[in-house]
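Residue numbers (my numbering), protein chains in the order written: chain A, 1 to 326; chain B, 1001 to 1478; chain C, 2001 to 2723.
No lab work stands behind these hints, which were simulated from the structure alone. Certain hints may be false.
Claimed, not checked - Below, a sample of chain A positions facing chain B; criterion: calculated Cβ distance under 7 Å: (1) Ile29; (2) Val152; (3) Ser158; (4) Leu160; (5) Ile285; (6) Val297; (7) Gly300.
To be verified - With the Cβ distance kept under 10 Å, some of the chain C side facing chain A (calculated, not the full set): (8) Asn2023; (9) Pro2027; (10) His2046; (11) Ser2185; (12) Gly2189; (13) Pro2296; (14) Glu2345; (15) Glu2347; (16) Tyr2351; (17) Asn2353; (18) Gln2555; (19) Pro2688; (20) Trp2691; (21) Ala2707; (22) Ala2710.
Keep in mind that this is a model prediction, so the values were computed, not measured. Idealized CB from N, CA, C, for every residue including glycine.
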Amino acid sequence: MLAYIARRLLYAIPILIGVNLITFALFFIVNTPDDMARMQLGVKRVTPEAIEKWKAERGYDKPLFVNGKASGAAVLTDTIFFTKSARMFVGDFGRAEDGRDITREIASRMGPSLAIALPTFILGLFVTVSFALLLAFFRATYLDFWGVVLCVAMMSISGLFYIIGGQYLISKLWRLVPISGYSAGLDAWKFLILPVAIGVISGIGSSTRWYRTIFLEEIGKDYVRTARAKGLSEITVLFRHVLRNALIPILTGVVVAIPLLFMGSLLTESFFGIPGLGSYTIDAISAQDFAVVRAMVFIGSVLYILGLILTDISYTVVDPRIRFDR
Amino acid sequence: MTFTLVLPVLLWSDMLVWLLVLAGFVLGALSWRNLPLRAAWRRVGRSRPGMASATVLVVFVLIGLLDSLHYRPRLENRDPSQPAAYAIEVLSVLDAMASPLRARNEKTYSEPLATRAYAKESIEVREADGRVSTTRDFPRLKFGGAHLGESEEKRDADVLKRVLAAEALALIVVVLASLGGACLLAHRQGVSARQAWSSLWKGETEFAWNAVLVTLGVLLLAWLPVLALCVDYHVFGTDKVGQDVFYQILKSVRTALVIGLVTTLVTLPVAIMLGILAGYFRGWVDDVIQYLYTTLSSIPGVLLIAAAVLMMQVIIDTHPQWFATAAERADLRLLALCFILGLTSWTGLCRLLRGETLKLRELEYIQAAQAFGVADLRILLRHILPNLMHIVIIALVMDFSGLVLAEAVLSYIGIGVDPTMISFGTMINNARMELAREPMVWWSLISTFAFMFALVLAANLLADAMRDAFDPRLAGAS
Amino acid sequence: MLGFRAAILLPLLLLAACGNEQNDPYPANERGQNILYSAFTERPKHLDPARSYAEDESVFTAQIYEPPLQYHYLKRPYVLVAGAAAEVPEPAYFDAAGTPLPADAPQGMIAHSVYEIRIRPGIRYQPHPAFAVDGEGRPVYNDLEPSKLAGIDTLGDFARTGTRELTADDYIYQIKRLAHPRLHSPIFGTMAAHIVGLKELGETLQREIGKLPGGAWLDLDRYPLDGVERVDRHTYRIKLIGKYPQFRYWLAMPFFAPVPREADRFYSQPGMVEKNLTLDWYPVGTGPFMLVENNPNSRMVLARNPNFHGETYPCEGEEGDRAAGLLADCGKPLPLIDKAVFTREKESVPYWNKFLQGYYDASGISSDSFDQAVRFDVGGGVQISEEMQAKGIRLLTRVRASTFYMGFNFLDPVVGGRDSVNEARARKLRQALSIAIDQEEFISIFLNGRGIAAMNPLPPGIFGHAEGEAGINPVVYDWMDGKAERKPIAVAKKLLAEAGWPNGRDARTGEPLVLNLDTTSGGMGDKSTLDWLTRQFAKLDIQLVVRSTDFNRFQEKIRKGAVQIYFFGWNADYPDPENFFFLLAGSEGKVASGGENSSNYVNADYDRLFVEMKDMDNTPQRAEIINRMNRILQEDAPWVFGFHSKSYTLAHAWLHNRKPNDVANNILKYQRIDVAERARLRHEWNVPVVWPLVLIGAALASVAVPAVLAYRRRERGTARNWR
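Pulled out of the complex, with its shape left as it was, chain A reads as follows:
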């Protein structure tokens, strides 16, 4: 097991290098170091000398990938690519173009992101699983039919409408919670309740439908018939057998998303003014702060790979032999 994980982790390194290469290539086709300097120095009264100075200070005066003037290993190492990305592998993301330490910034923004993403995830899972179970229970009745129609209808609504509509109704018309904002600590609940509710509701449609099919597949299996033939009540069958067994594909399916919860949600965070990593990313894109974009891509990739490994582990944990051995 450990050897397997170690192998997977080693395999992650070339992927991360690839990710870095792609980010670099994409970004520097768009932005020359000159552009970045101008962006950071502002528009008014900027002289070419100031730009050259900025580039030299930040190390952007080197060639991108290959340094023709250098010799030996320096051909590859004395370049923007190497100097800027090598350190990321040891967790040093450097500083944003406005001089602030990215690692600290990320650490301080992780909290708010998780405060939104984690409750949304757990509550969403709970609500959708119960809803799906309900639909499976009432399968082949009109409740099930309209439930599925409702799900399809809910997943046909753009997430933007959920947010715009939710803010409008709950905060503006009914004045129940603050329309946006965030505060650390216990006070946060009143800011979180609306985005979490919207996050849960907007996810109900697709997830419920997905889980419902899993439940139905499980219900169709022989052991369920056997259980029912034994005279167990429908509720017992659903909870004791179907739910337990169907949770395995559901959980292994969502495990990949867990590490990515750290990344936050771009839309929710910017609409609700939550100072998390999602809004950090958006800000960085619009400010063309390459250091931050690169760091976020890197972290996102690491978390994704972590999610894949976790998925694999969760498969072995819920191995069929363990499942049926009681």
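Based on these hints, arrange chains B and C on the given structure of chain A.
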């Protein structure tokens, strides 16, 4: 000089759209010859929600196709000796048909069916003695309800009259259509018209005719009044610069369709090829392809899209000579967006296909074919590919609605379609601030919501029906 | 199912337990305090006075730092008064030999001007750890071991603070910092051209910094600056090259605020930068407020500086200020509030709604986001809706010292024209477009009436601006019935025909006239604006092609002169006509010299007048020259003069002493809040509406009924082993 009234323009996306139509027909014909696929199509035809949503989608597709025939109108020439010149503006057949909607711009916001503007303005009135005085009132719209002239109070009666007439017409058309359908059915099945009529409505036909007819009826009942009103009113109001919202919605349809369909189309070859190769050859080929898609999919989607869109914009900006008109530029940007969205979405399909191929290649008849020395390419084309088609078709329809929704979000963040291109995303983006206005401007957002919802809902329902029909695991169950 | 219902009921119960103001975004313990609430949209990048130049940064820096001069809060046109200085300095002039010259000496003779600035004694800095000293007067936090910083994350984690008196050396230190190579001060280039020796200092420092290890402290006191001289503890002199009357305006900006060397030294200790402990992040000043919480992602808090020297509220203002109640607090010690809380609002809808709910006392400085939300009535005095007036919300507007324009690139053969024949054609084309583009309509649609159409580059309130008939642009407007009327489109069509494009077609070849507009997406580049603009060009049958690009590419095109038509705006640095006219000076050509003249416009007469006007004092002769320059510009039409936007502030009834001011930013100290009134109105406005929740609960419960029925049926049916 009349023979060159217009200069046809073939945009890249038009080409792909029509190619798609052609491919649709060819694929339809091909899959009709394949027995399991034909059975699957039959199952789709039996599904009532599927056929109802297909009817809705056909209407959307027709709008989109009309909007995919472009031309540049000829400029008015006072001096006949001069050579013909064409406007820089690129129009489509849809624009020509909707030219009253397109051309009749008010100054700014007006409510649906309004005859006056939404906000009071100071209006200067020149008195008889030459003095200029100002009063504050809602100014009369230039076009909205202009046919009423001074008698604005007749508007309600006029609207009612038009709606009733249109509804009556819609009913007549529906009844005629179903009668015609019944006769046709009777003729083909050799039963009496009365029997055909009752089996049609009881849903006993092979094809879900009743769903189609009901949907058609609902569509006509909804559309004809809108069409009857839109010539003289702004049915869904006007936006900030006084453009008709209904017209913009019509234009958004094509953008949504192109994003939803072309994206999958352009990435399909890559996904299929790489997926099959990885699954079939395994070994280092598999390793390389897996590395490729793991790397791509591990980059957070939005960031990858943002970076790629910005890059594409730079390329477009540095080559202005490629484009004769703004429409061509916006069009290329749309296409590029399709490619970029495809870049992030092909990995999922590729993984699926690889897994399925891995399973297929272990099957006995393929093992046997290999043992007999049949060429790999032949095995791939004859035995593997046809058995993967159902996955491809399901992926195509399942991705559609997701892509339409994604476009809205991307345009909202500012990395979507060209800002000059009308799309649901740009419309939402423009409309979201209007909710905060006092008094609130609600019509743009509500009508965008309604149409987008209808499109995506129809697509989702059809996708469901098709998945149920094509997925071998589910096919047996239903 | 049970959990599901509980999830719905729980918030209901919580709501029932609390009363009004469920939606209060602030902690409950802040209620009833003398705190001003406002918002900011862009996170400030720099708070270091040598670097900060953006307006959204000066919202903070202007309250913290005290430059020698400031603008009078109430008087208009803007008047400079003493800030930290004892009085506004008068320059002394010297010729090349160093002999003093009279104040009215001709410009050509003046080789140097010297400003002697005396600062008021007894001003003290805000409490700050950099000033903390032990019993023997040695700084406590000097030469800190990195290990000592272990438990420290913010400035507040340092246990001890101190203060000291402000001296002239602090001002000198800051002027030297403008040349610091690591700071990249945005005005270094500009100031190096004016302050004697600053350029040389920059070169010296550049050399010296290379010898130092990265991040180490560069003691600027070791490097002399010729142009700045310390006279005594409270007096210093600045020596400028030639005459530069606008320098006084610079003295009112944070660039010339004092920075204590202790702070600079404190922040350059190893380990500080890693913890974001920098001057850029934690400013230290002598102003009325100090930054106590710095979280640019969500919240910035300014609190009263306990060591502030006791400035008082002004007792005189312009006409009407007394009636408006702006003089009621005459003579009271400033600041009038204890704290100011700034919350970050990126999305305008929440921002606007919180304002309406009473959680912001006034709209913030970057109130552009309210543009769409607030509907202003067009024409005849801008006002807000009756509902808002009933709430006691006031709208304060003022034309900003800014101008927006659509520029033509003179390097382009079509709109610029290179030889004399084409030049005349191009001029007529530009004039025709100036008439066709209806700025009044633009202002009413897109700015909600918050702007006035521009006649020339100068906005009202700047010396040389003329009102009435004398001020109109005779090329575009006629004076009728006592107001300016835009010329009819027929005039523009005629001009276009004279230019050689009758009906938008080339008279010789019949080719349609196609013009290209370069713009950035967003702002001017959004769809509705472009649609509108296309319609304006279509009035003349001109085909407009919009090429929208990202900001960097746009800037690059401007730099290379690769644009044809572009949109730009300019916010004045200081209220002087020179700061507008230099945008069209030939010496400022963008392509030729990298200056600010993006149109690359060159007109010898204009340039001559500009040089003459530049350094004059505000005399009638200067007004006359300005008038002549305006006529040249109106005739040549290098810009389609767009509009001067109006800045506006929306303020609630409980906020007093608010007067719009777009030149000075240190306005926070004058604001007063009626805390009791605010509490009352907030309470009244924020009654939660609970019935929809009850309704939703009831709807869910009603779904439960068929569910239970179906469940019963199913339970009965289980025995039959269905399906």
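Results for each hint:
1. Ile29: holds (5 Å)
2. Val152: holds (5 Å)
3. Ser158: At 5 Å from the nearest chain B Cβ, Ser158 of chain A passes the 7 Å test, so the hint holds.
4. Leu160: holds (6 Å)
5. Ile285: Hint holds; Ile285 of chain A Cβ to chain B Cβ min 5 Å, cut 7 Å.
6. Val297: Because about 5 Å separates Val297 of chain A from the closest Cβ in chain B, which is inside the 7 Å limit, the hint holds.
7. Gly300: holds (4 Å)
8. Asn2023: At about 5 Å, which falls below the 10 Å cut-off, the nearest Cβ of chain A leaves the hint on Asn2023 of chain C intact, so it holds.
9. Pro2027: The hint holds - Pro2027 of chain C has a Cβ within 10 Å of chain A, the shortest such distance being about 6 Å.
10. His2046: With Cβ-Cβ at 7 Å, under 10 Å, it holds.
11. Ser2185: holds (9 Å)
12. Gly2189: holds (4 Å)
13. Pro2296: holds (9 Å)
14. Glu2345: holds (6 Å)
15. Glu2347: For Glu2347 of chain C, the interface hint holds, since the closest Cβ of chain A sits about 6 Å away, which is under 10 Å.
16. Tyr2351: Hint on Tyr2351 of chain C: holds, closest Cβ of chain A at ~8 Å, below 10 Å.
17. Asn2353: holds (5 Å)
18. Gln2555: holds (6 Å)
19. Pro2688: The hint holds - Pro2688 of chain C has a Cβ within 10 Å of chain A, the shortest such distance being about 5 Å.
20. Trp2691: holds (9 Å)
21. Ala2707: holds (6 Å)
22. Ala2710: holds (5 Å)
In this structure, every one of the numbered hints holds.
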